[in-house]
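The lines below spell out each chain.
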Amino acid sequence: MPKRSDIRKVLVIGSGPIVIGQACEFDYSGTQACKALRDEGLEVVLVNSNPATIMTDPELSDRTYIEPLTVEALDPIIAREKPDALLPTVGGQTALNLAIALAEQGILERHGVQLIGASVTAIKVAEDRLKFKEAMRSIGVEVPDSSYARSIEQALEAAERLGFPLIIRPSFTLGGIGGGIAYNIEEFREIAGRGLGLSPVHEVLVEESVIGWKEFELEVMRDGADNFVVICSIENIDPMGVHTGDSITVAPALTLTDREYQRMRDAARRIIRRVGVETGGSNIQFAINPDDGRMVAIEMNPRVSRSSALASKATGFPIAKIAAKLALGYRLDEIPNDITRLTPASFEPTIDYVVVKVPRWAFEKFPQADRTLTTQMKSVGEAMAIGRTFKEAFLKAFRSLELGSQSHILGQPAEAEDDTALQQALGIPTDRRMWAVFRALDRGWPIDEIHRLTKIDRWFLTQFQQLVELGRSAAVVGARDLSADLLRELKRDGFADTDVARLVGFDEDTVRARRREAGLVPAYKRIDTCAAEFESFTPYLYGTYEAECEADPTARNKVVILGSGPNRIGQGIEFDYCCCHAAFALRDEGYETVMINCNPETVSTDYDTVDRLYFEPLTFEDVIAVIDREKSAGGDVACLVQFGGQTPLKLALRLQSAGVRILGTSPDSIDLAEDRERFTKLLWDLGIPQAPAGTATSAEEAREVAATLGFPVVVRPSYVLGGRAMAIVYDTASLDRYVRFAVQASPEHPILIDKFLEDATEVDVDALADAAGNVVIGGIMEHIEQAGIHSGDSSCVVPPFKLGQKHVDTIRDYARRIAQALDVVGLMNAQFAVKDDVVYVLEVNPRASRTVPYLSKATGVPLAKLAARLMVGRTLPELGLAGELSVPGFFVKTPVFPFVRFPGVDTLLGPEMKSTGEVMGGADSFGSAFAKAYMSAGQELPQGGTAFISVNNLDKPGVLPIARDLAALGFTLIATRGTAAYLRAHGIEAEIIFKVNEGRPHVGDELLNRRLALVINTPLGRESFFDDRVVRSVAMMQGVPCITTLTGASAAVAAIAALRTEGLSVKSLQEYQAEAAGARG
Amino acid sequence: MDAILALENGRWWRGRSIGAAGETGGEVVFNTSMTGYQEVLTDPSYAGQVVSMTCPEIGNYGVTGEDEESRGTQVAGFIVRSLSPVASNWRAEGPLSDYLVRRGIVAIADLDTRALTRLLRSAGVMRGMIATGRPDPEELVARACALPGMAGADLVRQVTCAEPFDYTPPEDTGEFVVVPGRTAARPLRVAAYDYGMKWNILRRLSAHGCQVRVYPATTPAADLLATHPDGVFLSNGPGDPAALDYAIANARELVASNLPVFGICLGHQILGLAMGARTFKLKFGHRGANHPVKDLRTGQVEITSQNHGFAVDPDSLPHDVEVTHLNLYDGTVEGLRHASRPVFCVQYHPEAAPGPHDADYLFARFLEEMEKRAEAQ
Ligand SMILES: Nc1ncnc2c1ncn2[C@@H]1O[C@H](COP(=O)(O)OP(=O)(O)O)[C@@H](O)[C@H]1O
Ligand SMILES: Nc1ncnc2c1ncn2[C@@H]1O[C@H](COP(=O)(O)OP(=O)(O)O)[C@@H](O)[C@H]1O
Ligand SMILES: [Mg+2]
Ligand SMILES: [Mg+2]
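Chains as they are written, first to last, in my numbering: chain A, 1 to 1081; chain B, 10001 to 10377.
It cannot be assumed that every hint is accurate.
[Claimed, not checked] Ranges between beta-carbon positions, derived for each pair:
hint	chain 1	residue 1	chain 2	residue 2	range
1	A	D552	B	R10014	54 to 62 Å
2	B	D10098	A	R273	52 to 60 Å
3	B	L10225	A	R4	51 to 59 Å
4	B	V10179	A	R4	28 to 36 Å
5	B	A10092	A	E417	43 to 51 Å
6	A	E187	B	A10092	35 to 43 Å
7	B	L10296	A	G880	38 to 46 Å
8	B	V10179	A	E153	56 to 64 Å
[Said to hold, decoys possible] Per the computed footprint, the stretches of chain B lying under chain A, defined by three or more beta-carbons under 8 Å from a beta-carbon of chain A, are:
hint	region
9	10134-10144
10	10245-10252
[As the list claims (entries may be wrong)] A short, non-exhaustive set of chain A residues, derived as facing chain B with CB atoms under 8 Å:
hint	residue
11	A225
12	D507
13	A532
14	S536
15	D552
16	A555
17	L682
No wet-lab data here; the hints were simulated from the structure. For each residue, glycine too, the CB sits at the ideal point set by N, CA and C.
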């Protein structure tokens, strides 16, 4: 079947901001899809609200809309673009839901747009749990028993019938939000109640539990001629009950007999047929009872997914790319396999290595959050590792997590934890359970006992036991008698040099030396989809301790780019975006590009992003081994560390002292900027003000410093990203608490104490600098929220909308001089705070920053690409960059937060970053741009109704204009006593309402009764802390916009006004740039 | 205990012995299936061959009597990267290592099996020896060179049954019944030549409603025809088809008899030769469960289970034999049918075990041929 001729223009919908459950795997799949469609000569129109994606690069599509993923925004886009087809299967749940909405509102039909990849009916059968279960029964595939409930009573009846434990799933919440497992009636009432509340249709599914069964996933593909292949099987080490996204998983499935596997494959084939996915990829989940082999189907996702990204990286088979081609009518056997070239895509990859994925959580940022892992996903990122054996892959995966001392799973310090506590830690799955498993093995607990508690398959437990025993024998032998044979065994089982060092009491360098004496260096094998049955043409490699190395590096001059590892809050997709851009630019500059990364969700680990891809952990040991191997062919090898966030930066100095040439800004300058003492001195010499600050290595010192600075102060450990463990403290007591518990201050780890600049306007700047000392300011981004809220968590706008010209000039001047003083070559990010007419420097990072992609999209200038070129010797004039970069309109960046996933966690923002992703809104006025950004972030801006206002005394004067505007816009105002009195005193009508602890009906009740459309609530300080915290979390759960800063509030009001007057207009990046070009003449 | 694998080209690897002590030799081949090691070990087509599994973790789910494909283990030797110390599966009767020892299979682990695969892929399959203990590698290489080659060897006589017998299907392991596309309206009598037949072929034939009588490979065709079966089946088996003149002669009679004839693997090659084609030895054969095969009549692609080192040469086909299936990896012939007679055969394994069930429809095709003829009479 050749390509369809009736499709010329395709609309692709992305997945929007990075949130828990939808991360950059959808940038990977979306990017592949766009490329594939372009290669087929189609016109591609892309819509995605997330600027920090490769897929939204203007050169990837013909029209790129960074607009809200809502029907309101898609309607005009479809109207002006008139695409022939819509591909909804590469943008996650978001794209599917949006496609359904567009279809149901008749918009697709009206403009003659056909869905390709998945039909409405197919999507519904797969997404609607009840339809799905009926479908399964109709083809004789077993599913867990269940029934729907629209009230607590009905829910209880269902519970009666099915018996505990029970799975509860609210209908139509994204990623199963609000679902859970109930072991008893109390839990059941709570979860079912919450679920009914959260479900837009007030419905929950109550389902028979198969907790403890083995969980499997099949990634399958089907073409228009009903050809069917399984791309990859994935086994969850954590059994049923822990979301696949939170499970440690392994590919291929390792504990299935051929009969069991083929039965699953047959079922998958029947399922994809029955659901009716005509073309493309699907993810199907199964559970198997370990005691009798009974198999049930859990769910099917009729689209590419996190798991399909994992499967693509694990096998080398590009699922999203092939899915896009199938959607155009091609058949699997008409598409070649890129890796073998000679064979077609209509086959099932077979792999001769083992792949392990481990999730990474961010609980350290949400101390009040429940760490129990259940049916709804909580992790924010993942690391994948590849080894020739399970043991090797497993240990590589764990060191890829970069949890510092926390990641050591072997030889953990014998915790003072009694057996009951340990049993608990095994029985109740949390992010730390696997460490508990190893502690139990350390204590010599029998495998059967650990299996009884965890239900983890005995095969895996046996592997772990072997690791523990090997580690023990190494510890027993000790440093002096560590034989080459034992060392070889340790390395072949995946032990890191640091593991060996810790176990035998060496330092890492000695282990490395010993290893090299014994000739023990990793060999690199290729990922080739076929277990070496055919030759592979793509250098997609992983390291292992085997005899034969297939790396065969070239003698070309090359740059090794270090990626950013697993996504985490504070270091996410933005850095992967920068690494990819570096690769594209350096390839154009004629270098061979080599990428090292271990995050399977990313574009940087797509084998067509770079010339040579090493899927390896980002530790010194693994990185230097790759560099040595690449050097062995003779070419000059340089290393780029400034684009991957803190992960590669941490390695810079060590790599340099190991003789690796680091491109661009020198590691010493980077260190200078990170090292408070040195940096303060530099600013002093430059005569640039900085918030008065000091460092302390003990509680006593901290007190003294704080006393001299005066409270409030900002405290933090040195060397942090994303404001980790940062806090604003108002008095000595809380300072002591912080220094003692939050971060143990010590001579090695001093804490930094700054004077907190209250009510200061914060400004972010990204600049480019070359070796000749030229500097170009990429953009000046004014924060909406005042300093004190992490730059990653506050909305910002370019160009500045309130900041005075003279401050803008000062900031430019400072940025330029600092860049020159630091000899920056490449990118530099700086944060300033403007208070009482003085511009202070908050921090300077001579590296790629979180704002680079957003700013690149706003200015139309690919900052990261240019920076990479500067780093290999180009100058700014050469690249045609002289003056300022301009922006055609206003572009607002707004963060998105994971709070809905963590009930009970306070949503108040501070200097510690909590957002997982960001969106961008662009328009001709600030108001409209902010409105769009706000919508993209998933918030409804009310057009009228009742606005609740409650602000602390300091904020009362500031809230007046806001209240006036709201009233003028026709909002009814309702406020807590103090605020109401103040408003009335200034002639603004406001109804009084009880605080939560004042009586009923109080503000919380009114929120639940959906009577409030907008909440403006600035923190009221300690005394009524509990009160406003409740308000904030209820508002969040109800999806009522809750604004906690005055600046945010006035922006929101401006946005509401703009929506009223200007409505919502859409414009593509290409159009913005054409206009900009026009303006430049 | 240590062990060494040595190849005729002088390459050798040291590893760990995971099976019986002693030494063994044969043609070293690789199999890319990720499941089904027990079915592979017991597939008679592997007689005389030392099989290396490309999947690195082997033995995880142990072994069970239910998954045997013949009377016993058939491989000459076994090579894996990493052997599981335990058996983790509700059906497991014991770990793989004990089984290998019990069945006297010399096997080696912990060597770079991917390097071995790459060598065989580029240099072609070659003879090799596995010896446990600390033998002299050079001397082992010499012995590998002295081994007889596959070409021209008749291995069928070693693996075929001694006496004819009627197949009685086991109590079906309910868990895993594969529902046949269709079953015969009335019981059909099939006479099957056993060249080293996998049991799952018998299970599939009877699942489709056939009563099968199995005959030793050397039985004259006349004896089969004398029983007036509804159809005749030619099984899979080991070695070089060209060496089996008696089987080819019998196949010629069967083709001429106008009875429906269905052949699998070696049976396919024998029918090819009987219908006047030639066969040749593939560089490194097809052994795995992921080969795409296109049915030229429907255009459908099926993922197939494969195990063969020889193939039918398409250029040698007489005008009245058509190619029905092609291998999409290398374009080799995967299926044939006679233009005017009810004779058809496939190179791959519709009975799977191990492998996907995509090609199970071929048993139904065999039914149709037999029923058509029955009606015609
Ligand atoms: N009936 C069940 N019993 C026990 N655990 C279940 C059951 N159904 C689902 N789960 C667990 O919940 C997780 C999420 O369920 P799933 O149906 O996959 O929803 P999602 O769309 O969020 O992936 C699964 O990965 C599995 O571990
Ligand atoms: N002296 C200060 N006064 C007010 N706010 C500050 C001060 N120092 C830091 N902050 C706030 O804390 C946030 C994080 O601090 P920063 O130094 O940028 O840490 P990170 O390196 O994690 O980005 C800043 O974005 C700013 O809002
Ligand atoms: Mg799921
Ligand atoms: Mg910062």
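Could you tell me whether the CB distance from D552(A) to R10014(B) stays inside 54 to 62 Å?
The hint (54 to 62 Å, Cβ to Cβ) is violated, given that D552(A) and R10014(B) are roughly 25 Å apart.
Let me know if the C-beta of A555(A) comes in closer than 8 Å to any C-beta of chain B, holds or violated.
Violated - the Cβ of A555(A) stays beyond 8 Å from chain B, reaching only about 23 Å at its closest.
Under the criterion of a CB-CB separation shorter than 8 Å, is D507(A) in contact with chain B as hinted?
30 Å, violated
Against the range 35 to 43 Å, how does the distance between the Cβ atoms of E187(A) and A10092(B) compare: consistent or not?
At roughly 36 Å between Cβ atoms, A10092(B) and E187(A) fall inside 35 to 43 Å, so the hint holds.
Verdict on chain A covering the region 10245-10252 of chain B, criterion of 3 CB contacts below 8 Å:
violated (count 0)
Given hint A532(A) near chain B, where the shortest CB pair must fall under 8 Å:
4 Å, holds
Please check whether L682(A) passes as an interface residue: C-beta within 8 Å of a C-beta belonging to chain B.
53 Å, violated
Are there three or more residues in the region 10134-10144 of chain B whose C-beta lies within less than 8 Å of some C-beta in chain A?
Result for this restraint: violated, n = 0.
So the hint says 43 to 51 Å: do the beta-carbon atoms of A10092(B) and E417(A) match that?
34 Å, violated
Cβ separation of L10296(B) and G880(A), checked against the hinted range 38 to 46 Å:
58 Å, violated
So does V10179(B) sit 56 to 64 Å from E153(A), Cβ to Cβ?
42 Å, violated
Please check whether A225(A) passes as an interface residue: C-beta within 8 Å of a C-beta belonging to chain B.
With a minimum Cβ separation of about 7 Å from chain B (threshold 8 Å), the hint on A225(A) holds.
Checked against the numbered hints listed earlier, the structure breaks hints 1, 2, 5, 7, 8, 9, 10, 12, 14, 15, 16, 17; every other hint is satisfied.
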